Amino acid sequence: MNNTPLLKINNLTVTYPLNSEGSDVLKALDNTSLKVNSGQIIGIVGESGAGKSTIGKAILGLLDPPAKLVSGEIIFLGNSLVGLSEAQFESLRGNQIGYIYQNPMTALNPVLTIGEQVIEAIEANTDMRGKNAREYAIQLLERADVSFAEDRLQKYPHQLSGGLCQRIVFAIAIAAKPKLIIADEPTTALDVTVQQSVLQTLIKLSQQEQIAIILITHDIGVIAETCDYVYVLRYGKHVEQDATNRVLQRPTQDYTRSLMASVPLIEKRLHRFALNEEDNLEDISTGLHYLQEKQTTQDSTNKPILEARNLSKIFITPSSLFKAKQLFTAVKDVSFTVRRGETVGIVGESGSGKSTIGRMILGLEDITEGSVIYRGKDLKLITDSTEHRAHCLSMQCIFQDPYSSLNPRMTAGENITYGLQVHKMIGSSDAKSLAQELMALVGLQREDAEKLPHAFSGGERQRIGIARALSYRPDFIFCDEPTSALDVSVQANLLNLLKDLQEKFSLTLLFVSHDLAVIRQMCDRVIVMKEGEALEYDSNENIFERPKHKYTRSLLEAMPKFKGLAQT
Amino acid sequence: MIKYILKRLWHSGILAIVMSLIVFFGLYVVGDPVEMLSDDEFTEQDKIELAIELGLDKPLYEQYFTYTGGMLQGDFGTSFVYNRPVLDLIMERLPATLEISLLAMVIGLGIGIPLGIFSGIKNNSRASKIISFFTTVGYSTPNFWQAIILIMVFAVFLQWLPASGRGLTNSMFGIEWAWLSLNGLQHMALPAINLAIYKICMQQRLAKSGTQEILYQEYMTFARAKGITRNRIIRRHLLRNILIPIVTITGLEVGGLIAFSTVTETIFSWPGIGKLLLDSIHMIDRPVVVAYLILITLMFVFINFVVDVMYAFLDPRIRHQK
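Going down the list, the sequences are from chains W and G. All residue numbers for the first sequence refer to my numbering, where the first residue is 1 and numbers rise by one. All residue numbers for the second sequence refer to my numbering, where the first residue is 1 and numbers rise by one.
Just so you know, these hints were derived from the structure itself, not from any lab. The structure presented is a predicted model; accordingly, all values stated were derived computationally and were not measured. By construction, the Cβ of each residue, glycine as well, lies at the ideal position given by its N, Cα and C atoms. Heads up, a few of these hints could be off.
[To be verified] These stretches of chain G come out as covered by chain W in the derived footprint (C-beta under 8 Å, 3 or more residues):
| hint | region |
| --- | --- |
| 1 | 218 to 229 |
| 2 | 235 to 242 |
| 3 | 303 to 317 |
[To be verified] DSS-like, lysine-lysine: derived pairs with alpha carbons at most 25 Å apart:
| hint | chain 1 | residue 1 | chain 2 | residue 2 |
| --- | --- | --- | --- | --- |
| 4 | W | Lys550 | W | Lys332 |
| 5 | W | Lys35 | W | Lys204 |
| 6 | W | Lys332 | W | Lys380 |
| 7 | W | Lys68 | W | Lys35 |
| 8 | W | Lys332 | W | Lys57 |
| 9 | G | Lys122 | W | Lys68 |
| 10 | G | Lys7 | W | Lys57 |
| 11 | G | Lys7 | W | Lys325 |
| 12 | W | Lys530 | W | Lys332 |
Extracted from the complex, chain W is given alone in its bound form (with noise of 0.2 Å):
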């Protein structure tokens, strides 16, 4: 065995222009160094803009312009790839060095096949063609665990699930057995249950193989459960390497240590992210009292705010030239009670109807079957108008996405209060400071009011969101999913935010996500779905100490473990 590295970087630094001339650039990795040996499995871990990506590219020689690799040494099996022309590389690509993605979806074309696509990767990397290419087809698919893998050459990507799309790609990058791979968020697209089957796929690919692999993610659990040795990145600089073990227990780095006391445990329920936030409390004395007066005039708390009542929702998609009309059943006959004050959480993978529970409540999609009573009341049997806006507006909802859901050309103070203004529950001079006062109770500046939503970052943009909800003194709110295309430092303070201003106001929450960890840290009450149908509806401790049903036990067990901080 030779001590020469597979891979080895030295002080590698790429640049992005921010202005035509090029005199302003972005660095979106500013002399990072790191090593794989043969075999090995290593980790980058760091949140988005950490240049993580960019270093798989860098190496494949896929940044495309106006990226620019500035200085550096990419030297691969002894042989520099800086400076490579496009037929270099691409004898190197898929022959030495494969590739996956992070979306399996969107990096499979959508009107090839699964057997042109994977074919194609045979042909262009061995000699093997025709017949030939074919049966080594289906013996990669079947090593990278696709069952009836003759049949699914025939299929489009669209017919297959997520996790099923992430193995052929697999099947693609092991095709012309290359030493090494790099693996860019490879789990980060699919349901949890899924990810556990896929890594072990890949790990067991790359022990049968001898591939060594470059796992990129900003899943700190992923790291903790594949990866021999680990690479913190943060703005494209070096943050910390080492040993997966000492890096996640014993970080070095405040940087390092604040991202792992941000990572949601599943072990156990703490009352607040372990941040070190500097809490700036100035006076917001005029926003609490504006939300608390309302406090003063509602009855005391546990009692039912909002009662849902075996819900169903049926989609009816229309018939087309190829398919008659079908029925889909998002949601089956699902009936909680959230009390005022509490937060229930309904946990569940893609597809499971859990939003659509939430959709229904605040009225957004019809009700097929069932009825939902909020604060005394059946929603429908309401026929005064004005009643009925009332009940409504007192119901809000928060966002998955923080990019869409504000207004661009408003200014982030509108965006908060343009809702109020519009049915006359404020004046606008009120509605100004209002918005300020909002503004500054959920962490932003008040002058800030002013800005328009792109001025913002997606952690900022969600805290406008809340503040949106709050404005209208809502009795319920529904988070949908409000953490989720947020970073995990970003949403450790999001979810501060959320519990600080629960005690403050006791807010009643329906928190739906498909985190587990995020749930265990956020709620009282769970509701575990699968395919429309609740399955486990109990404490936060029954569910996560104490399953009942197999589905949750198999998706607590599928949860990557991370220990958390050794308690110092």
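Given chain W, put chain G in place with the hints provided.
Same frame as chain W, now just chain G:
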């Protein structure tokens, strides 16, 4: 599938009825055919006799039902002007229009798409900018002006190609075609090019914007990461994806070419159907106009159906729609 086709037929039936109503009553408002057909020597009595002969003395709604009743039995009526069955008139001229329209479309697709892909891939190159400049000019100058320039250059100065008429025709399947002889092809050249200029420009722009959209899809980068050569990526991964929007537009354009290449046919004295339509509107030859527009309506419905099928052929996601 069968249900879908029946639904389509039902829709096109309604469309044809609405179309016939609009045209029939619209033309009635425009003028009186009897006045157009009679010359100065006609007495009032002659005019009344002519009206009775053409069935124009009856109330309008009765005329409409007589006409549409005949149409349902395959009788599209008789032209007021030519005194011949309308269907014969149309079928005589349709092949002439079909051949230059289809030739124009082939030229348009054959030149426009490769140019568009090229300028989409080499977006910032000089060549791409020059191509885009010319297609913008071609797109925005009037068709008749382009026709006059073509005649001046190729027919008057260079004298390479004839500027008017259809030339020699040969018979195939009992229909006269110009494209079967060299002389006929020469006559077709200028009108077809005239029609094609616009199509080239449009296809170039469509293919260019499609290329730029598809080029940055992840599966394109992934295809590169698989180690596939650039040419193959363009042929297999790019082309098929950009064809999806192109097919839609091309379908509509083929219909448009066949139905409304009137200006070009007039300038080049091409004995096509567009010229017939223009003359018939001028003379208020109602049976011809109504029958023509109903046929065109049905043709558009048919083309749209073909487009839908091709769409599903190109895009498997449509074929397996849930």
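For each hint, the structure was consulted:
no. : hint                   : result
1   : 218 to 229             : holds (count 11)
2   : 235 to 242             : holds (count 4)
3   : 303 to 317             : holds (count 7)
4   : W:Lys550 with W:Lys332 : holds, 19 Å
5   : W:Lys35 with W:Lys204  : holds, 22 Å
6   : W:Lys332 with W:Lys380 : holds, 19 Å
7   : W:Lys68 with W:Lys35   : holds, 22 Å
8   : W:Lys332 with W:Lys57  : violated, 45 Å
9   : G:Lys122 with W:Lys68  : holds, 18 Å
10  : G:Lys7 with W:Lys57    : violated, 51 Å
11  : G:Lys7 with W:Lys325   : holds, 14 Å
12  : W:Lys530 with W:Lys332 : holds, 10 Å
Hint violations for this structure: numbers 8 and 10, all remaining hints satisfied.
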